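Undergrad: Below are the chains, spelled out letter by letter.
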Amino acid sequence: NAGVTQTPKFQVLKTGQSMTLQCAQDMNHNSMYWYRQDPGMGLRLIYYSASEGTTDKGEVPNGYNVSRLNKREFSLRLESAAPSQTSVYFCASRAPPPLNIQYFGAGTRLSVL
Amino acid sequence: KNQVEQSPQSLIILEGKNCTLQCNYTVSPFSNLRWYKQDTGRGPVSLTIMTFSENTKSNGRYTATLDADTKQSSLHITASQLSDSASYICVVRVSNDYKLSFGAGTTVTVRA
Numbered sequence: 002n003a004g005v006t007q008t009p010k011f012q013v014l015k016t017g018q019s020m021t022l023q024c025a026q027d028m029n030h031n032s033m034y035w036y037r038q039d040p041g042m043g044l045r046l047i048y049y050s051a052s053e054g055t056t057d058k059g060e061v062p063n064g065y066n067v068s069r070l071n072k073r074e075f076s077l078r079l080e081s082a083a084p085s086q087t088s089v090y091f092c093a094s095r096a097p098p099p100l101n102i103q104y105f106g107a108g109t110r111l112s113v114l
Numbered sequence: 076k077n078q079v080e081q082s083p084q085s086l087i088i089l090e091g092k093n094c095t096l097q098c099n100y101t102v103s104p105f106s107n108l109r110w111y112k113q114d115t116g117r118g119p120v121s122l123t124i125m126t127f128s129e130n131t132k133s134n135g136r137y138t139a140t141l142d143a144d145t146k147q148s149s150l151h152i153t154a155s156q157l158s159d160s161a162s163y164i165c166v167v168r169v170s171n172d173y174k175l176s177f178g179a180g181t182t183v184t185v186r187a
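Protein sequence lines correspond, in order, to chains G and Y. The numbering used here puts the last residue of the first sequence at 114; the count rises by one with no breaks. The numbering used here puts the last residue of the second sequence at 187; the count rises by one with no breaks.
Treat the hints as calculated values from the structure; they're not laboratory data. Bear in mind that the values here come from a model prediction, so they are computed numbers and not experimental data. Accuracy of the hints is not assured; some may be wrong.
Straight line, CA to CA, 27 Å or less: simulated BS3-like cross-link-like pairs of lysine-lysine [what the hints assert, rightly or not]: (1) K92(Y) x K58(G); (2) K58(G) x K10(G); (3) K174(Y) x K10(G); (4) K146(Y) x K72(G).
Between the sequences and the hints, there should be enough to build the whole structure, so can you do that?
TA: As structure tokens, this is what we get:
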């Protein structure tokens, strides 16, 4: 039971570099989410995908792009990393109603120098 | 703006003792409230989900309460164990929207 798998677990970037965070779920969920978690703050939604082929902006989308490659995979791309993007990134998928529980990956810890 | 406030920010308790965490929210219209447990270096894991009509829900040694009138919830941990050391996050969902509002969490440290 892998659930939600995120790669990489850790990454250090220099300002201006680009990278893609990968996320895959094996629970056949339609909806997937990308969040960032910063000290002293609640998780904030970056982008979400209600189903394969659709994506929508969340609360803090600036500086990020996403791709819902297929039902299993939802990637997050930083085109030109900035120090303000230093954070822990979580991917989640949501079980359908009536459960509606979001299942989270283990996170990617990103530092931008 | 929908907000979720948690208190205390952190607490330390001795193994075997009880503790209660608080959550106040201004989210409207309310759909449900969830408590998640997040171990260090891991993603959050759901503990309980409570709808408008539910006052209390238990999951083992965890008991959540909800007062929808005052928009307050609490999470009570009974007979704490070392494995209860974690961050506990209160999450509220708005009706007809699958987006969630997250509190900043309460960090609980259980000491032997």
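Undergrad: Could you run down the list of hints and mark each one as holding or not?
TA: Outcome of the hint check:
With a C-alpha separation of about 43 Å, the suggested pair K92(Y) and K58(G) falls outside the 27 Å cut-off, and the hint is violated. Between K58(G) and K10(G) the alpha-carbon distance is near 24 Å, which keeps this suggested pair within the 27 Å criterion. Proposed proximity of K174(Y) and K10(G) is supported: the alpha carbons are some 25 Å apart, at most 27 Å. Pair hint K146(Y) plus K72(G) does not hold up; C-alpha atoms about 36 Å apart against a cutoff of 27 Å.
The structure is inconsistent with the numbered hints 1, 4, although it conforms to all the rest.
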